[in-house]
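Please construct the entire structure, taking both the sequences and the accompanying hints into account.
Chain by chain, the residues run as shown.
Protein chains: 2
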Amino acid sequence: MTQSSKLPDLAAVEARDAADPLRSKRDLFVLPEGVIYLDGNSLGPAPKAAFAALETAAHQEWAQGLIRSWNSAGWFTLTDTLGDQIGRLIGSGPGQTVVSDTTSINIYKALHAAFSLNPGRSVIVAEGSSFPTDLYMAEGVAATRGAKLRLEGVDAPGLEELIDDKVAVVLVNHVDYRSGLMRDMAALTRKTQAAGAVIVWDLCHSAGAMPVDLDGASVDLAIGCTYKYLNGGPGAPAFIYAAKRHHEKLMQPLSGWWGHAKPFAFEQGYRPDAGIRRLLCGTQPILSLRALQASLDLWDTIDLVALRQKSIGLTDLFIELVEGMCSEYGVKLASPRDGKTRGSQVSFAHPEGYAVMQALIARGVIGDFRAPDVIRFGFAPLYIRYRDVYDAATVLRDVLATGAWRDPRYATRSAVT
Amino acid sequence: MTQSSKLPDLAAVEARDAADPLRSKRDLFVLPEGVIYLDGNSLGPAPKAAFAALETAAHQEWAQGLIRSWNSAGWFTLTDTLGDQIGRLIGSGPGQTVVSDTTSINIYKALHAAFSLNPGRSVIVAEGSSFPTDLYMAEGVAATRGAKLRLEGVDAPGLEELIDDKVAVVLVNHVDYRSGLMRDMAALTRKTQAAGAVIVWDLCHSAGAMPVDLDGASVDLAIGCTYKYLNGGPGAPAFIYAAKRHHEKLMQPLSGWWGHAKPFAFEQGYRPDAGIRRLLCGTQPILSLRALQASLDLWDTIDLVALRQKSIGLTDLFIELVEGMCSEYGVKLASPRDGKTRGSQVSFAHPEGYAVMQALIARGVIGDFRAPDVIRFGFAPLYIRYRDVYDAATVLRDVLATGAWRDPRYATRSAVT
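These protein sequence lines are chains A and B, in that order.
Quick note on our numbering: the first sequence kicks off at 1 and runs consecutively.
Quick note on our numbering: the second sequence kicks off at 1 and runs consecutively.
Honestly, the hints are just simulated from the structure, not real lab data.
Take the hints with a grain of salt, since some may be wrong.
You can't tell identical chains apart in this list, so a pair holds if it fits in one copy or across any two.
Below, simulated DSBU-like cross-link-like pairs (lysine-lysine); rule was C-alpha separation at most 35 Å, straight line [unchecked claim]:
no., residue 1, residue 2
1, K191, K48
2, K25, K6
3, K244, K340
4, K249, K166
5, K148, K340
6, K332, K262
7, K25, K191
8, K166, K332
9, K332, K244
10, K166, K6
11, K249, K25
12, K148, K249
13, K166, K148
14, K148, K48
15, K262, K340
This is how it looks when you write it as structure tokens:
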């Protein structure tokens with residue numbers, strides 16, 4: 001196939017990189033030789049500063065400071081310090097976000113907290129196409145409370161049709177993990193609250209991908225992970241946000257000693273902390289938190305408006321190039337075409353998506369596959385260049401045009417796909 | 001005061017070190033210059049091997065391997081691999097222990113799992129003097145299930161008097177965090193099960209301090225932490241054990257995607273894994289897990305019978321020396337005198353315990369204080385020498401005899417005491 005003459009050429013793409021206000025940020029990350037990494041929406045690459053942070057945490061704080069570091073190195077308040085750093089990225093004023101536990105655990109806390117704010121109601125609304133752990137945790141909460149789960153796409157086609165006066169809480173993804181569809185946070189929050197329900201936003205695919213304005217949208221609760229766009233490291237602890245107006249009333253059953261008003265008074269009964277710390281539970285993995293902190297220090301300097309602008313530029317370009325070069329090979333856009341309603345990722349459906357992605361990975365273009373047929377490419381604006389977009393589209397075209405993906409090696413599935 | 005001539009002298013103590021079969025293990029840890037570290041029962045020191053493990057995890061697995069490391073570096077099954085390594089130390093055959101989340105979270109899972117095995121019952125029995133987070137989590141479980149909490153020391157003087165046919169689950173510490181009292185695991189397990197209840201053992205102060213035999217005692221469930229005697233690093237993830245005979249039936253509401261039979265099939269509904277992985281929930285902090293693994297590799301080589309023998313030797317000696325040198329200064333043994341019912345720690349009560357401990361810490365003898373009046377000393381046999389016991393007792397005598405603890409600097413409390 002010859003490339004349409006209307007598509008941007010390499011020179012045009014390189015000119016965009018030269019004009020990119022974020023271009024210097026790429027040097028802050030380790031990106032392996034020969035790899036175009038389009039999976040930062042699954043596991044972000046390592047900020048170089050994380051290595052020194054880990055070394056200090058291990059050699060100085062742990063090995064030399066020992067137990068004293070809980071006070072002297074500030075371990076005790078890391079959950080809050082890091083929470084406030086994430087706060088700037090998600091539009092949370094200080095004292096409303098803490099880093100702790102996993103996304104799944106925080107969903108559990110948030111849903112129970114929502115019920116504690118809305119005790120007379122008995123229904124959880126969620127998306128049938130949600131990232132599954134949200135639904136699994138909602139099942140767990142429903143089981144312990146005798147509540148009912150209503151799913152978009154199962155109980156009604158649209159989320160909003162499910163929200164009535166029985167609904168205690170709506171759990172919704174800001175950006176869909178598979179398609180990249182971005183919801184209107186302010187509008188859905190208003191609609192939910194107008195029905196007397198509480199909203200919980202899952203920011204796993206938006207925190208660090210675009211500006212988020214939780215306070216501005218009067219959101220009730222939010223949760224998210226730190227190992228994707230926020231580059232916190234594999235399995236880095238997650239975060240949870242609760243608007244200050246709710247702190248005094250909200251309760252959650254993972255009422256561990258870290259959420260206690262006086263954890264070191266060793267009282268027999270639970271008394272929650274007055275503020276956001278009541279959403280903490282147990283002792284957090286400090287080494288992993290220090291790696292995350294190195295990344296958040298870097299994020300402190302990032303202009304989120306420029307980030308979003310580049311994100312739309314990268315994803316628009318990828319759609320344009322792939323559709324221009326590959327549409328005859330059975331790939332079909334599975335993400336919103338309009339940048340305004342799209343996260344920082346682009347997905348295409350292909351009936352043999354799994355094998356296609358394996359062939360891409362073998363050629364150094366790392367995206368991922370999401371069942372049943374989606375190949376997914378994340379474009380993290382801090383380190384992905386327009387040039388990378390161009391090269392990735394070219395490799396995808398080659399894999400499809402040559403049928404390279406038919407190699408039987410690419411059919412075998414591994415544990416994590 | 002002159003020392004009683006019957007107390008062991010320095011030469012006698014050093015002879016015991018020379019004959020110690022574990023003496024070479026001390027070199028595997030970093031122990032800061034000028035410190036006698038008797039707080040390994042709160043935060044274990046760093047095994048030297050942890051540094052290289054962290055470096056490989058960060059530089060190679062994360063930075064170079066990126067998302068591929070979930071398969072290629074075995075991240076996906078670390079929860080199980082590490083669980084089985086801990087298994088050897090707690091008498092758990094393979095496939096019954098996983099490393100995940102925090103102690104508090106695992107207590108929550110275990111208590112709910114116990115109710116799922118015993119659905120007709122409505123009471124949780126625990127110790128009023130328990131480490132508080134156990135009670136706080138039990139409160140959380142009781143609140144979500146409408147269950148009732150009965151406490152030893154509140155509702156009856158002895159735990160066994162509380163166990164009747166309403167009791168679903170008994171949550172009990174193998175070794176008490178404050179006094180070091182060790183319970184008879186086999187006997188209490190039998191007694192509990194004879195009443196039709198399920199037992200959950202908290203091993204926070206016994207895993208890595210002595211041989212534990214969960215399978216041998218037919219225990220139902222157990223949980224514990226890895227950052228104390230197991231030297232996993234600050235806030236290292238905790239573990240949970242469930243006997244294989246229960247796997248098929250037990251359910252717990254923290255039903256996140258990692259506990260799903262097919263996490264990467266992205267199914268809409270939760271289907272628990274057939275085995276111990278149903279006690280997993282979300283993605284774990286890999287960097288912290290790698291530090292823990294370095295320590296567990298070291299633990300693989302330890303003879304637990306020799307460990308226990310030395311533990312009793314160290315703690316017996318400390319009691320003998322402190323009572324011989326310090327009893328006139330108001331310290332009173334707050335631990336069992338009989339080594340057979342004592343964990344690897346010794347506690348003394350002193351009305352000004354907080355200040356006494358601060359004075360000790362200022363002199364390089366690091367133990368800790370537990371409200372209201374306990375000074376607590378942990379003796380981890382892998383790196384504590386008989387000589388350290390002798391020196392610590394001597395410093396304690398000096399602090400008490402000179403009244404050095406009265407210095408006003410030692411009265412100020414910090415966040416973590």
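Review point. Within a copy, between copies, both or neither: where do K166 and K148 come within 35 Å Cα-Cα?
Key: Classified as both; 10 Å inside a copy, 29 Å across copies.
Check your understanding: Between K332 and K244, at a C-alpha cutoff of 35 Å, which is it: within one copy, between copies, both, or neither?
Key -> neither (44 Å within a copy, 47 Å between copies)
Review point. Can you tell me if K244 and K340 fall within 35 Å by alpha carbon in one copy, between copies, both or neither?
Key: The answer is within: 29 Å in one copy meets 35 Å, while 51 Å across copies does not.
Review point. Can you tell me if K25 and K6 fall within 35 Å by alpha carbon in one copy, between copies, both or neither?
Key: within (30 Å within a copy, 70 Å between copies)
Point to revise | Copy assignment of K249 with K25, given that the CA separation must stay at most 35 Å | key: neither (42 Å within a copy, 51 Å between copies)
Exercise for review: Pop the pair K332 and K262 into one bin, within, between, both or neither, using alpha-carbon distances up to 35 Å.
Suggested key: between (56 Å within a copy, 27 Å between copies)
Practice item. Could you place K191 and K48 in one of the four classes (within, between, both, neither) given a Cα distance threshold of 35 Å? Key: neither (43 Å within a copy, 56 Å between copies)
Review point. Are the CA atoms of K166 and K332 at most 35 Å apart within a copy, between copies, both, or neither?
Key: neither (39 Å within a copy, 60 Å between copies)
Practice item. Tell me, please, which holds for K262 and K340 at an alpha-carbon limit of 35 Å: within, between, both or neither? Key: between (46 Å within a copy, 34 Å between copies)
Check your understanding: What label fits K148 with K340 when the C-alpha limit is 35 Å: within, between, both, or neither?
Key -> Cα proximity of K148 and K340: one copy only (33 Å, versus 52 Å across).
Review point. Are the CA atoms of K148 and K48 at most 35 Å apart within a copy, between copies, both, or neither?
Key: neither (46 Å within a copy, 51 Å between copies)
Exercise for review: Evaluate K249 and K166 at a C-alpha cut-off of 35 Å and name the case that applies: within, between, both or neither.
Suggested key: both (20 Å within a copy, 32 Å between copies)
Hints 1, 7, 8, 9, 10, 11 and 14 from the list above are not met by this structure, while the remaining hints are.
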